[in-house]
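Asks: Sequence:
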Amino acid sequence: MSTRRRLPLWAALALAGSASLIAGHVISATAADDVYPVEIEGVGDSDWAGELVPWQNEMYDATQSIDLSYTSFGSKEGRRYLLSGLADFTVGGVPFTEAELAAHPDLGEIIEVPISVASLTIVKTRPYPGGWLTETPPPASANCDDPDTPAELCQVVRGTFSGPFRIPPESLSALMFSLKYSQEHDQMTWANDEWKAALGVSNLVFQQTPGNHDTFVNRTDGSGQNKYLMEYARALGPESWAQALALNSHFSWEPIGENLSPDVQPTRESTSQEVGTIARYGVDAAIGASNPLWTGNMGAIPTTLLPKVLEDFPDARLQVMEIQNAHGDWVVPTRETIEAALAAGTTPDIAALEDVPDAYPLVYINSLYTVAGSLSPEKANALAASVRYIVTDGQQIAIDHGSAPLTADLQAQALAGADEIIESNCTAEGYEVTTSGPSDYEPDTPEVQALTSMNHCTLKPAPTTTTTTTTTTTTEAPTTTEAPTTTLETTTTSTSTTTTSTTTTTEVASQAPVSTVYVPPFTPGYVPTATSPPFVPPPETMAPTTEPPPETTEPPTTVAIATTTVPPETTTTLGGGGGRRVRGVSLSNLPMNPPDDGSHGFMKLGTLLLGAAAFLAGRRALAARRVST
Numbered sequence: 003m004s005t006r007r008r009l010p011l012w013a014a015l016a017l018a019g020s021a022s023l024i025a026g027h028v029i030s031a032t033a034a035d036d037v038y039p040v041e042i043e044g045v046g047d048s049d050w051a052g053e054l055v056p057w058q059n060e061m062y063d064a065t066q067s068i069d070l071s072y073t074s075f076g077s078k079e080g081r082r083y084l085l086s087g088l089a090d091f092t093v094g095g096v097p098f099t100e101a102e103l104a105a106h107p108d109l110g111e112i113i114e115v116p117i118s119v120a121s122l123t124i125v126k127t128r129p130y131p132g133g134w135l136t137e138t139p140p141p142a143s144a145n146c147d148d149p150d151t152p153a154e155l156c157q158v159v160r161g162t163f164s165g166p167f168r169i170p171p172e173s174l175s176a177l178m179f180s181l182k183y184s185q186e187h188d189q190m191t192w193a194n195d196e197w198k199a200a201l202g203v204s205n206l207v208f209q210q211t212p213g214n215h216d217t218f219v220n221r222t223d224g225s226g227q228n229k230y231l232m233e234y235a236r237a238l239g240p241e242s243w244a245q246a247l248a249l250n251s252h253f254s255w256e257p258i259g260e261n262l263s264p265d266v267q268p269t270r271e272s273t274s275q276e277v278g279t280i281a282r283y284g285v286d287a288a289i290g291a292s293n294p295l296w297t298g299n300m301g302a303i304p305t306t307l308l309p310k311v312l313e314d315f316p317d318a319r320l321q322v323m324e325i326q327n328a329h330g331d332w333v334v335p336t337r338e339t340i341e342a343a344l345a346a347g348t349t350p351d352i353a354a355l356e357d358v359p360d361a362y363p364l365v366y367i368n369s370l371y372t373v374a375g376s377l378s379p380e381k382a383n384a385l386a387a388s389v390r391y392i393v394t395d396g397q398q399i400a401i402d403h404g405s406a407p408l409t410a411d412l413q414a415q416a417l418a419g420a421d422e423i424i425e426s427n428c429t430a431e432g433y434e435v436t437t438s439g440p441s442d443y444e445p446d447t448p449e450v451q452a453l454t455s456m457n458h459c460t461l462k463p464a465p466t467t468t469t470t471t472t473t474t475t476t477t478e479a480p481t482t483t484e485a486p487t488t489t490l491e492t493t494t495t496s497t498s499t500t501t502t503s504t505t506t507t508t509e510v511a512s513q514a515p516v517s518t519v520y521v522p523p524f525t526p527g528y529v530p531t532a533t534s535p536p537f538v539p540p541p542e543t544m545a546p547t548t549e550p551p552p553e554t555t556e557p558p559t560t561v562a563i564a565t566t567t568v569p570p571e572t573t574t575t576l577g578g579g580g581g582r583r584v585r586g587v588s589l590s591n592l593p594m595n596p597p598d599d600g601s602h603g604f605m606k607l608g609t610l611l612l613g614a615a616a617f618l619a620g621r622r623a624l625a626a627r628r629v630s631t
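Residues 3 to 631 in my numbering are what the sequence shown spells out, letter by letter.
There could be a bad hint or two in this list.
[What the hints assert, rightly or not] Taking CB as the label site, the calculated pair distances span:
{"no.": "1", "residue 1": "ASP360", "residue 2": "PRO240", "range": "20 to 26 Å"}
{"no.": "2", "residue 1": "GLY110", "residue 2": "SER20", "range": "22 to 28 Å"}
{"no.": "3", "residue 1": "PRO97", "residue 2": "GLU256", "range": "17 to 23 Å"}
{"no.": "4", "residue 1": "ALA410", "residue 2": "LEU88", "range": "33 to 39 Å"}
{"no.": "5", "residue 1": "HIS252", "residue 2": "SER164", "range": "42 to 48 Å"}
{"no.": "6", "residue 1": "PRO141", "residue 2": "HIS252", "range": "49 to 55 Å"}
{"no.": "7", "residue 1": "GLU241", "residue 2": "SER164", "range": "28 to 34 Å"}
{"no.": "8", "residue 1": "HIS252", "residue 2": "GLY432", "range": "53 to 59 Å"}
Please keep in mind that the hints were generated in silico from the structure rather than gathered at the bench. From the three backbone atoms N, C-alpha and C, an ideal C-beta is built for every residue, glycine too.
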């Protein structure tokens, strides 16, 4: 019977300790190679909420990682944040007003860049409580009291309505402004004759009660959504629009802004709260409970957010409602109907204002806004790269979410705007605007990498280095001539030997290759402004040095060495169309304790285990020695 030898405890500890130290070194080395992300902060409307996360992921995966941070506060609040210097950019479908710009006369130029096509989808929860049930009573001609009447003639026929699901402009406007029901103004109820005609049925169960209606949930915050819903109501629902103005005469309705009258209820702050309120099946958003006359919640949400809303709230069984355009077509937002509107022009709600066949009426353009001169070189590169990606490859994400891409003209405007962002913000000392293919800020996507000419804010190349060496040597040697012995006369003749000054000039070309983009390194904690110098390692300079003459007959020698400037040392790799990848700053070179990258725990554990192994091995050796003696 063989006996398996067990590994001594000290040897096991030594192995475990060595493995921990190796793991710690691997983690530490990996963390040292990480590139710090450049963060750009945006505040604005939520019209691009559906596409935002995939866009953020793509930008974060760029060689120079970009943290595209964004908070949805509404377009009005987003502009206020930008004007107050609290955000790097804002996004919304409503441009700056003259009053807003006049209140900040010292602000730099506002740069506007079209970024995406926005549209609003009208959604409704399943009718409460029975759903889309139909009920057809026996015909009036049937004498059901007569026992001889066939039973099938007196049966109530029940079924389920399967569409089309439509809401006329007047009814949509009446619900939007939470108008009160009356026999004279019954547009908000399902029993309205115009609404019945649009649906093509009059036997829906909830149509039989004149007061039955939905609750429309609006946005509390100032947003482009409110503005363009009101534009639609004024154009295509004039009767309900006039009634809303009459009921809330204290509110300034004209010109149409981004806020609704406070008398219009219910409303919720931000799109996320609005959507969550709409999708609460069985709960009337107006009172927080069920209501005998209430048939469900309704509201407008960004079209590109619809897939996520349907996934997140399956119990609500949300239904997209068809609406009418000025031509009279019943439409829902699709790529085709949105592009039909864009073909007519970029005026918001153009298909509600003009006769445009087959076009969706709630369409407008979202633009990105930033202030010239407000960004550091790093942030300018990051924001411009984000724009370039979003308006090219990123448009496919908008298509996948049910929208349409920017037109070719809008895309060209956006790419020009990205270059303008660079030109207006690349003003820090030591930087300059260069034009090339993609840099490491641009993600590795096909359309972006195909761009051959774009602006970047780069460090200026190292200046030409000139080295001048001048050597001058003068030697004086005495000469003695002897006369005949009778007359002794000594004459000293000076002999001068001069070495002509020699100047050697060497031209050293810039160390930055001409064909690559020299993107500046990002430094944690350093946020340069337009007036502050960039973070560049100090040049290595050797001042002219003069050696003191020795106390001998040797002549003095003067050597003049010109100032030599050494550019910041970087490790680069080619990327895309000539970009350069700058390695992250080495943590060991920072004047601070490096952040915990996960390696410290392994280091401590490895040290502890090796120490324990050494202790046990030593004790064992000592015990063996005692036994032998």
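Asks: Just pull the numbers of the violated hints for me, sorted ascending.
Replies: The structure breaks only hint 2.
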